[in-house]
Amino acid sequence: MVNVYEAVSANKTKSYFIVASFFVFVALVVYVLSQAFSYYLGYQPGGLGFLGLALTVSGLMSLGGYYFSDKVVLGLSGARLADRKKDFTFYTVVENLCIGTGLSKPKLYVINDSAPNAFATGRDPEHAAICATTGLLDKLSRTELEGVLAHELSHVKNYDTRLMAIVAVLVGMVALLGDWFLRMSWGGRRSSDDNKGVGGIFLVLGLVFAILSPFIAQLIQLAVSRRREFMADAGSVSITKQPDGLISALTKISQDNEPLEVANKATAHLYIINPFKEKGHGAVSWFANLFNTHPPIEERIKALKSMV
Amino acid sequence: MVIYLIIGIIVLIALWAISTYNFFVSSKTRVKASVQEIGNQLKRQIDLIPNLEESVKGYLKHEKDIFDKLTDARKAVSAAVKSGDLQKMADAGTKFASVLPGLTIAVEDNPELKGSEVVTNLMNELRDTADKVMYARRLVIDLTADYNVRRATFPSNLIAQMLNLEELPGLITPEKGEFLEVKELETKKPQIKLN
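Protein chains in written order, with our numbering: chain A, 440 to 747; chain B, 8 to 202.
You may find that some hints are simply not true.
Covered stretches of chain A (chain B as the covering partner; in silico rule of three or more C-beta atoms under 8 Å from a C-beta of chain B) [to be verified]:
#1 525-531
#2 537-544
Some residues of chain B that are not near chain A, with every Cβ distance over 10 Å (derived) [to be verified]:
#3 Ser41
#4 Gln43
#5 Asn58
#6 Lys71
#7 Thr78
#8 Met141
#9 Leu150
#10 Leu175
Source of the hints: derived by calculation from the structure; they are not laboratory data. Glycine included, every Cβ here is placed at the ideal spot set by N, Cα and C.
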């Protein structure tokens, strides 16, 4: 048994650890690949060199997503603004949770879809938006809805969108670097064939890293995403002080077999549960879980139940 | 080289001290603001309830009991806000929630009330306004808890001691009794069964 404050701080520590190991990994990949690049091309580019180039390209690609993520996602999902009269429970529950947390009220949107789900987006609490499907609003009671929306509000409070955007930039950068390295004209010009030894090692290492690292980076990205889900669950309980609401909401949502039509791979990590509902058991599910944006519902419920 | 290192460490410590100091000072202000927020929510209740009473009068004219309770709750809140006593204000806010059980029974007894939008609306608003006061209180509790934890734990307690900071009382609540009990009804959304 842990109390909710311990759960929140344990999750924070684990999350820092995963994020830190991610950055260490990215730094290592970048170092090895840029060494290999410079050996292959026979000169050492000044300044940040290839790292700078990859960072710029990947950064620019994600910057748009970062600043306009709310509009892009909401546009993709075909959401409409929530109304206090029409969506009384949704509107007032978020209003109340914001009173309780001291956050400013995010923009609220409703997606017309009978699959129950919800997500939060926006780069900081001032630009946040929370979106719920009509299925969620119809199927959950007020207490359950409080749990789900407090979970989303925790994502907002923890700057999860920002973190995942940064992580996405770095994953993109690693993928680009690896790709460039593999696309170099291998039979082509060589620096000087008598210069083997250390440089040669980097070339081999570079090849291995170029092939494996985009994949590993993505796995760590997913681990970060799952850890943030646990964190938001604990955050939800620390706001509402009622784990039961979120537990029964998660149970209800997971039993609903309808797939969310408007979700896609890019927005999956934002939702309260994985909109694709991939299911498996035993060893298969452990392996499948590595590729999941969300931890399995049973594990989340177990963690919630241990919080008192 | 060593000098730079020492200067670097001193700068880090200074930055930490400043941010800790700022945390304590801003927390105090936030707690004050959050206490005012309770009053703000109670004032909202006082404005809201007469309107609600008016709108359901026609539907609930046989349920004198409920009206009396609503009026009592409203009076208690008004008196508490006027007295300016934080404790009284905090207690009065949840009174409206106590009207809900009676209302649910009234709805069960009178089939013609079931499904009436006006009554549903009343119940939703009552639950919502009680929640609002509850969350306003929660913010005071959470902020004071943060402040008191940082005040007592190392190393931020060093700054707190230097500034001679007092422990913040937060909301004083009875240690036992009805206040600590959560009734079954309070955990549920008021349900109106349609035939």
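The hints, checked one at a time:
1. 525-531: Coverage by chain B holds for the segment 525-531 of chain A (3 residues, Cβ < 8 Å).
2. 537-544: holds (count 4)
3. Ser41: Its Cβ does come within 10 Å of chain A, the nearest being 7 Å, so this is violated.
4. Gln43: holds, 12 Å
5. Asn58: holds, 14 Å
6. Lys71: Its Cβ never comes within 10 Å of chain A, the nearest being 28 Å, so this holds.
7. Thr78: The claim stands: Thr78 of chain B keeps its Cβ more than 10 Å from every Cβ of chain A (closest is about 24 Å).
8. Met141: Met141 of chain B is in fact no farther than 10 Å from some Cβ atom of chain A, at 8 Å.
9. Leu150: The assertion about Leu150 of chain B is violated, with a minimum of 8 Å to chain A.
10. Leu175: Holds: least Cβ distance 16 Å, greater than 10 Å.
Checked against the numbered hints given earlier, the structure breaks hints 3, 8 and 9 and satisfies all the rest.
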